[in-house]
Amino acid sequence: MRRFLPKTVLGLATAVSVLLSVVALAICFGIYTVTHEAVEAQLDQRIETESGILTAIYENGGVPAIAAEIGQREAQSRVTGMGYILDDRQGNRLAGTLRAKAPEPGWVEFLYDEEGNGKRGVSQALTRRLDDGLMLVVAADRTPVDEMDAQLFGLFGAVFCAMLVMGVGGALGLGILIRRRLGKIDATAQAIIDGDLNRRMARDDTDSEFDRLAETLNRMLDRNAELVTNLQQVSNDIAHDLRTPLARLQQVLDEALTDAHDAATFRLALTRASERSREILDLFNALLRISEIETLKVREHFSRIDVCEIAERVADAFRPDLEAKGYTLEADLETGAFVNGDRHLMSQLLVNLIENVMRHTPSGTLVSLSLRRGDGLVELTVSDDGPGICLADRHHVLKRFARLEKSRATPGFGLGLSLVTAIAQAHHARPVLCDNHPGLRVGFVFPGVE
Amino acid sequence: MKILVADDQAETADFIRRGLSQAGHVVATVGTGTEALFRAMEESFDAIVLDRMLPGKDGLSVLKMLRAGGNRTPVILLTAMGGISDRVEGLENGADDYLTKPFALSELSARLNVIMRRPAVVEVETILRVGNIEMDLRKRTVHRAGKRIELQPREVLMLEELMRNVHRVMTKAMLLERVWDFDFDPHTNIVETHISRLRAKLNAGFDDDAIITVRGAGYMIRTP
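Protein chains in written order, with the working numbering: chain A, 142 to 591; chain B, 8 to 231.
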């Protein structure tokens, strides 16, 4: 069934208009039949009534009375359109001027008669046999019925034609309109495919279906453009940031090739080259980890984790190193803080933040870990009393490969906080950087679980 | 020990085969998942090194089928970089350990040694004893030659891992996983720092070093 349905807008419009016309035709036919039958029934009723009256007159007054009555009635036949015949047994006319032969008793639909000017009239007639073999014919002129039929046909024809014209015209118009709008969208899409990524669907601000579709498509295109830009940015950054460690590796190898002569120097060069390539692998590893976390597929393996236990473990792991380097670690952790997450990722989030403090603040800095819970939320903060990050740079440092001018000399690729952001987002939180007066405070609010 | 290595990259397979052969193992290599499954079912191996991405059947399917068939050979799953989900799925489906590519041979070797000798049945031990070091697992106390040594809980845990795997090298990554539950390598050398603290506490008043550093590989504890 489905494959018989039209596929194009014009096909659909045509089908709809033809269907509408056919329905209109059927309705017209119905109206005609009902009206026609009603008028006919009215004629029959009148004939039957008159025939009854005349029969009664005959029975009371005999032939003279009925003949007189017929004469009287015929005098008005111009107005009433009625005709009469009264024949005796032998077929001799006793009264009535209708120029036709009396039919057999019963109803006759079409009784033809000769009119004075040679025209033929058509009547509907009822023939009754009276006593003594008299035949009474009462006929009614069919002309009003035929006239009405003709008028109805004319009217219906006009209606049908109008419907057809309007239907086909409207359908074609609608079709053309839709085709034009779709054509515009198609042309824009084609232009975007051909490389003009900044093209957008035309809007007319009418809030119509097409306008809303255009808006939705534009939003989708904006989102895609954002992702493409992001991707380009990251690819550029990767290319740029990879060049540095690769160049360093190249440098080590070149130096060894030109300057080294004994096994020990070669060995040293190889060790350094190996360290450099390890750095490059670390960079890739970090990037892949970030993108995997950003796909949010990691959420499939989430379970209830004890943030307090994790923070304690991380604090334990880092305390000796921090203290050896002159930092102080303070941990103020409320127990019973659970979130739905991944314990390894949560550990890494804390590790990255603590290592950031160690990298970007001088010895003697106080590092504070704090964990609070309440209202179904778990608040985790890592703060320090170091130099902090000025307001303008705070947004920037969360970006991939972001490194502030003053940290250019420190090792790292600027991915630590991106990883932190990705992990936080996977856990339905985002890092909030604020001033710790002095220093930096990085806070997260996770949705807690019981 | 007899080890099956399933990796479709000939270079990696060869690198593993040479390294493990040098360490005295007998190594068989296969390049597809289907081959790996057949070899593992036909022959008996002491361990299987299974790449996650294999043509034919992927490593995870092979692992699932082996375990479903009752094969309990220890398996190390090799995962691609980043593959956080792969790793979790691997362990959930019966892998004994996992290793992210690329890796150092010493790391693979150390992990194989640990999983191959893992006792089939967990013994109920309450006292671990290696040389003159004694650990009460219930009270979490440590004595060396009868002298009580005060350790932090995390240090006890680290010593326990070393003592349980006596004579086997524990790599930095293994200690990070087992003691701190870190599946990543922090830039800070936290293992070194903690080992040196533990070592200082254990060695105070003794001449010989309780913990041996295996250069380029990791740490080990052994009987004299």
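Careful, some of the hints might be misleading.
Here are the simulated EDC-like cross-link-like pairs (lysine to aspartate or glutamate), alpha carbons at most 16 Å apart as the crow flies [unchecked claim]:
id	chain 1	residue 1	chain 2	residue 2
1	B	K9	B	D53
2	A	K466	B	E199
3	B	K108	A	E255
4	A	K438	B	E168
5	B	K108	A	D423
6	A	K438	A	E420
Simulated from the structure, these hints should not be mistaken for lab results.
Do the hints match the structure? See the list:
1. A distance of roughly 5 Å separates the Cα atoms of K9(B) and D53(B); the hinted pair therefore holds under the 16 Å criterion.
2. A threshold of 16 Å between alpha carbons decides the hint, and for K466(A) with E199(B) the separation of about 14 Å falls inside it, so the pair holds.
3. In summary, the hint linking K108(B) to E255(A) is not supported, as the alpha carbons are separated by about 115 Å, beyond the 16 Å threshold.
4. Restraint check for K438(A) and E168(B): not satisfied, since their Cα atoms lie roughly 32 Å apart, outside the 16 Å limit.
5. Only pairs whose Cα atoms come within 16 Å are accepted, and K108(B) paired with D423(A) is accepted, the gap being roughly 11 Å.
6. The straight-line distance between the Cα atoms of K438(A) and E420(A) is roughly 27 Å, outside the 16 Å bound, and the hint therefore fails.
Checked against the numbered hints given earlier, this structure breaks hints 3, 4, 6; the rest are met.
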